[in-house]
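Enquirer: Based on the sequences and whatever the hints tell you, model everything.
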Amino acid sequence: MKTDKDVAIPGDLLSDQVDRAGDGTYVYEGKVYAQRYGIISDRDKISVISLRGKYIPAVGDIVIGKVVDFGFFSWNVDINSPYEAFLHVSEHPSRIELGEMQKHLRVGDLIITKVIKVDPTMKIDLTLNEDSRLNVIRDGRVVEITNTKLPRLIGRNGSMINMLKKECHCGIFVAQNGRVWVYGKNDEDIDLACRAVMKVEEEAHTSGLTDRIAVFLDEGGNQ
Amino acid sequence: MTNDVPDVFVKDGVRLDGRKIDELRPLKIEIGTLKRADGSCYLEMGNNKIMAAVYGPREMHPRHRQDPMRGVVRYRYNMAPFSVDDRKRPGPDRRSIEVSKVSRQALDPVIITEYYPRAVIDVFVEVLQADAGTRTASLNAASVALADAGIPMKGLVSSCAVGKVDDTLVLDLMKEEDNYGQADMPIAMVPSTGKITLLQMDGHMTREEFKDAIGMAISGCKQIHEMQRNALVEAAKEVTGDE
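So the protein sequences, as listed, match chains A and B. Take the first sequence: its letters are residues 159 to 381, numbered as in our numbering. Take the second sequence: its letters are residues 385 to 627, numbered as in our numbering.
Keep in mind the hints are simulated off the structure, nothing from the lab. There could be a bad hint or two in this list.
Computed footprint of chain B on chain A; a stretch qualifies when at least three of its residues, placed anywhere within it, have a C-beta under 8 Å from a C-beta of chain B [stated by the list, open to error]:
1. 162-168
2. 183-193
3. 199-212
4. 233-243
5. 276-285
Simulated restraints on C-beta separations [claimed, not checked]:
6. B:469 / A:278: 21 to 31 Å
7. B:410 / A:289: 54 to 64 Å
8. B:410 / A:178: 36 to 46 Å
9. A:265 / B:579: 46 to 56 Å
10. A:372 / B:485: 46 to 56 Å
11. B:401 / A:314: 49 to 59 Å
12. A:376 / B:443: 37 to 47 Å
13. A:309 / B:400: 50 to 60 Å
14. B:610 / A:187: 15 to 25 Å
The C-beta atom is built at its ideal place from N, Cα and C for all residues, glycine as well.
Expert: Have a look at this one:
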């Protein structure tokens, strides 16, 4: 049987402790099997952390979306998922009349938004209300990385992300759909932070990464 | 090129290409070859050269073909015009459509499509060089590409063919054995669950021969599964920088 940190492929037998089956596994005839290709995590639950995979929205997720279209009283928002999401005008803080939609949100705008509803057919509804983090993005840059690498970008107890924020003098907002908003006072800082984010993505699964990123930032991103 | 029918296919347990009757052709598997695809696999089985690409899950168009309860799997098997001796006219022909259909049916049961209502998982398989057993080689490549794409599955699908030449059952037919033999039986199975998801036959076999052939094919599929597994594990280790 496999152990923690081993590579699992779909169909690999992981355990016979059915009550410990976690994400990325399935149970069949009293045994736990891997359903994804990834790394086994054997903590209180046995799960398989996928190396690749699309972002699938869940209620409560904070995501960075891009407005791609609009119809009667709702905008279509691309959230980097196989599923497009909708933002109804009632979920926008301002009162909006028909025909005024473009005044408040235009095609191409980037927004920090929250998933409030996911129905069984995966129709996704978003909101801009009731959470001070939710807003239209007007400055800085948004970088997109594979969403499976986000935990590495944050680091244990936020170690990686806090280091990036401190060394680059930037604000960094990590959304759950693999998009990262980087904002700051000057362009060089933002640029360095973005390049560091992309470097973390490329080398996400290697060891000693936090130190190497620290060196990268020290040298002003020259390598 | 003229192809003369060989007089003898198996002599003293050795086949035309030097293999034993239950020996697979060499298999080579490369993962992640296509950077733009969500998952990909380049595979060689004997002289077959196969390129498989997976896109998805992604939004399904046309909308009327969406399934509100689960994702849809689409499989396109295609032979490149230069893959065979006599140029194959580009585009789907009846055989390609048939191979696409049975292959899709071989993968459908293992992919956990309930996670992706209204979405589609597209599998494209191009045969770049053909040498008997392209549908089995294609399925092997497609399985690995699906894993590479992070698609949740109950297990990998492994596939090979068993045939009959000179009244002898042989594993993994090559071109001459396929063209001039007495039977050809491609099979696909899921080694982790033991279920068979593709079974076709062309030719004549007795009931006994059929039972033996299934046994031989299952053993071949299990060997292929080990190689698919090793390739995936090696590729993951490269990413994680282990060992």
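Enquirer: Each hint needs a verdict: does it hold in this structure or not?
Expert: Going through the hints against the structure:
1. 162-168: holds (count 3)
2. 183-193: holds (count 4)
3. 199-212: holds (count 5)
4. 233-243: holds (count 3)
5. 276-285: holds (count 3)
6. B:469 / A:278: 21 to 31 Å: violated (52 Å)
7. B:410 / A:289: 54 to 64 Å: holds (58 Å)
8. B:410 / A:178: 36 to 46 Å: holds (40 Å)
9. A:265 / B:579: 46 to 56 Å: Holds: the Cβ-Cβ distance is about 48 Å, inside 46 to 56 Å.
10. A:372 / B:485: 46 to 56 Å: With Cβ atoms ~55 Å apart, the hint holds.
11. B:401 / A:314: 49 to 59 Å: Once the Cβ atoms are compared, 55 Å apart, the range 49 to 59 Å for residue 314 of chain A and residue 401 of chain B holds.
12. A:376 / B:443: 37 to 47 Å: Between residue 376 of chain A and residue 443 of chain B, where Cβ atoms are some 43 Å apart, the hint holds.
13. A:309 / B:400: 50 to 60 Å: holds (54 Å)
14. B:610 / A:187: 15 to 25 Å: The hinted range 15 to 25 Å holds for residue 610 of chain B and residue 187 of chain A, with Cβ atoms some 23 Å apart.
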